[in-house]
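**Q** Those protein sequences? They're chains V and P, same order as listed.
This note's numbering puts the first sequence at residues 534 to 721.
This note's numbering puts the second sequence at residues 534 to 721.
Just so you know, the hints here were simulated from the structure itself, not pulled from any lab data.
Certain hints may be false.
Pairs involving identical chains hold if they fit within one copy or between any two copies, as the list cannot separate such chains.
Each computed DSS-like pair below joins lysine-lysine, with the alpha-carbon atoms no more than 25 Å apart [what the hints assert, rightly or not]:
id	residue 1	residue 2
1	LYS614	LYS642
2	LYS663	LYS537
3	LYS541	LYS718
4	LYS663	LYS614
5	LYS614	LYS550
6	LYS541	LYS617
7	LYS537	LYS613
8	LYS677	LYS718
9	LYS605	LYS617
10	LYS718	LYS704
11	LYS663	LYS718
12	LYS537	LYS712
13	LYS541	LYS663
14	LYS642	LYS605
15	LYS677	LYS704
16	LYS642	LYS704
17	LYS677	LYS605
18	LYS613	LYS704
There are 2 protein chains.
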Amino acid sequence: MELKEVFKNRRSIRNFKSEPIDMELIQRLIQDSILAPNAGNEQPWKFIVVSNRDLINRISDDCKHNFLQFIKANPTSPAKKYEKMLSNESFNIFYHAPVVVYILGNAGKRNLVADCSLAASYLMMSATDKDLGTCWVNFGMYIKDSTIREEMGLNDDLQIVAPIALGYPEKIPGIPVRKEPQILKIIE
Amino acid sequence: MELKEVFKNRRSIRNFKSEPIDMELIQRLIQDSILAPNAGNEQPWKFIVVSNRDLINRISDDCKHNFLQFIKANPTSPAKKYEKMLSNESFNIFYHAPVVVYILGNAGKRNLVADCSLAASYLMMSATDKDLGTCWVNFGMYIKDSTIREEMGLNDDLQIVAPIALGYPEKIPGIPVRKEPQILKIIE
Numbered sequence: 534m535e536l537k538e539v540f541k542n543r544r545s546i547r548n549f550k551s552e553p554i555d556m557e558l559i560q561r562l563i564q565d566s567i568l569a570p571n572a573g574n575e576q577p578w579k580f581i582v583v584s585n586r587d588l589i590n591r592i593s594d595d596c597k598h599n600f601l602q603f604i605k606a607n608p609t610s611p612a613k614k615y616e617k618m619l620s621n622e623s624f625n626i627f628y629h630a631p632v633v634v635y636i637l638g639n640a641g642k643r644n645l646v647a648d649c650s651l652a653a654s655y656l657m658m659s660a661t662d663k664d665l666g667t668c669w670v671n672f673g674m675y676i677k678d679s680t681i682r683e684e685m686g687l688n689d690d691l692q693i694v695a696p697i698a699l700g701y702p703e704k705i706p707g708i709p710v711r712k713e714p715q716i717l718k719i720i721e
Numbered sequence: 534m535e536l537k538e539v540f541k542n543r544r545s546i547r548n549f550k551s552e553p554i555d556m557e558l559i560q561r562l563i564q565d566s567i568l569a570p571n572a573g574n575e576q577p578w579k580f581i582v583v584s585n586r587d588l589i590n591r592i593s594d595d596c597k598h599n600f601l602q603f604i605k606a607n608p609t610s611p612a613k614k615y616e617k618m619l620s621n622e623s624f625n626i627f628y629h630a631p632v633v634v635y636i637l638g639n640a641g642k643r644n645l646v647a648d649c650s651l652a653a654s655y656l657m658m659s660a661t662d663k664d665l666g667t668c669w670v671n672f673g674m675y676i677k678d679s680t681i682r683e684e685m686g687l688n689d690d691l692q693i694v695a696p697i698a699l700g701y702p703e704k705i706p707g708i709p710v711r712k713e714p715q716i717l718k719i720i721e
């Protein structure tokens, strides 16, 4: 696909087919993602791939629970707007995607968020190029359940940056309205 | 350009032609960059474009000075490895690029670093697609000089995420060695 088509076609997908994805294809996305630029060529990104339906559901339930607790403790936070959605028992934070790819790295590492975000961007574009859909789901970071953390190999030295839901899109939404870019100053 | 060519051809460029870039073309890159996904569709990115050679040189000198002070104060920091390079008076942190695009936003905003990094990724790919070269130059964040900050409109409410050197590449280097991706776990 031409880059400009990828720019146009890459949408955050919230409606996935249940169709599974070949593990080989997922690995190709990851191979593309590590072509991203990164600070000092340190390539700090690591990956965890979850395609187990039961585990994905349990992660979703745990993250919903933890995020709702956060809202309860911080009732004036802007996060409050998500309370109703997350309180819906049938809501799955990953929109029932068949796969979730976690991009993460060593906790507190300088530039980790920027570097993993760049890798995430490459992964999402590569997915679009292969007719897959993605959604970066921030809620997916709030994993506390010790059983789940152990199953995933998530120890406290690791910091999640990008939980990416991945699957074949059921429906590709239009592009949400973009504001005109705020160019604060041009100094010629 | 096909996405896979962009992935292959996008290199961090450290050798630019002095040839200027049409402001219209820079604006097209910025228009592409705001197609990036972002948390809650808040589009927190803002831009400052500097194509004034004298100002770029002064930013470079100020950032070198400030980063060297940091190294002096933190002699055991891994940043120490940059001391020799930054002490070289003729070294320009932007590699004499004719343009520097700053991507920034409101200081401390949740998800700002991730969102601006995604925009940076789009901008760098769009540049590659138009035969331009880029380099994300972290040193370019360390602007302290009050005159420069005022000229740029950089007040303390703004946080720089991505200083991107931009220009026509003199030389496109090969891809630096990539480690095999660290897939910590696949849970099927």
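**Q** My question is about LYS677 and LYS605: at a cut-off of 25 Å on alpha-carbon distance, are they close within one copy, between copies, both, or neither?
**A** within (17 Å within a copy, 40 Å between copies)
**Q** Checking an output row: LYS537 and LYS712, CA cutoff 25 Å. Within, between, both or neither?
**A** Within. Shortest intra-copy distance 19 Å satisfies the 25 Å Cα cut-off; inter-copy 29 Å does not.
**Q** For the identical chains here, do LYS613 and LYS704 meet the 25 Å Cα criterion within one copy, between copies, both, or neither?
**A** neither (28 Å within a copy, 51 Å between copies)
**Q** Can you give me the call for LYS677 and LYS718, within, between, both or neither, at a CA distance of at most 25 Å?
**A** between (43 Å within a copy, 18 Å between copies)
**Q** For the identical chains here, do LYS541 and LYS718 meet the 25 Å Cα criterion within one copy, between copies, both, or neither?
**A** So LYS541 and LYS718 fail the 25 Å test inside a copy (27 Å) and across (32 Å) alike.
**Q** Check LYS663 against LYS614 for me: Cα-Cα at most 25 Å, and say if that holds within a copy, between copies, both or neither.
**A** Close neither inside one copy (34 Å) nor across copies (41 Å); limit 25 Å.
**Q** At 25 Å max between alpha carbons, let me know whether LYS718 reaches LYS704 within a copy, between copies, both or neither.
**A** neither (39 Å within a copy, 30 Å between copies)
**Q** With identical chains treated as interchangeable, where does the CA-CA distance between LYS541 and LYS617 reach 25 Å or less: within a copy, between copies, both, or neither?
**A** neither (31 Å within a copy, 44 Å between copies)
**Q** As a check of your reading, is LYS663 near LYS537 (CA-CA no more than 25 Å) within one copy, between copies, both or neither?
**A** Both. Shortest intra-copy (15 Å) and inter-copy (11 Å) distances satisfy the 25 Å Cα cut-off.
**Q** How would you classify LYS677 and LYS704 at a CA-CA limit of 25 Å: within, between, both, or neither?
**A** Neither: 32 Å inside a chain and 48 Å across chains, both beyond 25 Å.
**Q** Classify it for me, LYS614 with LYS642: is the Cα-Cα distance of at most 25 Å met within a copy, between copies, both or neither?
**A** Between copies, since 17 Å is at most 25 Å while 31 Å is not.
**Q** How would you label the pair LYS605, LYS617 (within, between, both, or neither) given a Cα cut-off of 25 Å?
**A** So LYS605 and LYS617 pass the 25 Å test inside one copy only (12 Å; across, 51 Å).
In the structure shown, a violation is registered for the earlier hints numbered 3, 4, 5, 6, 7, 10, 15, 16 and 18, in ascending order.
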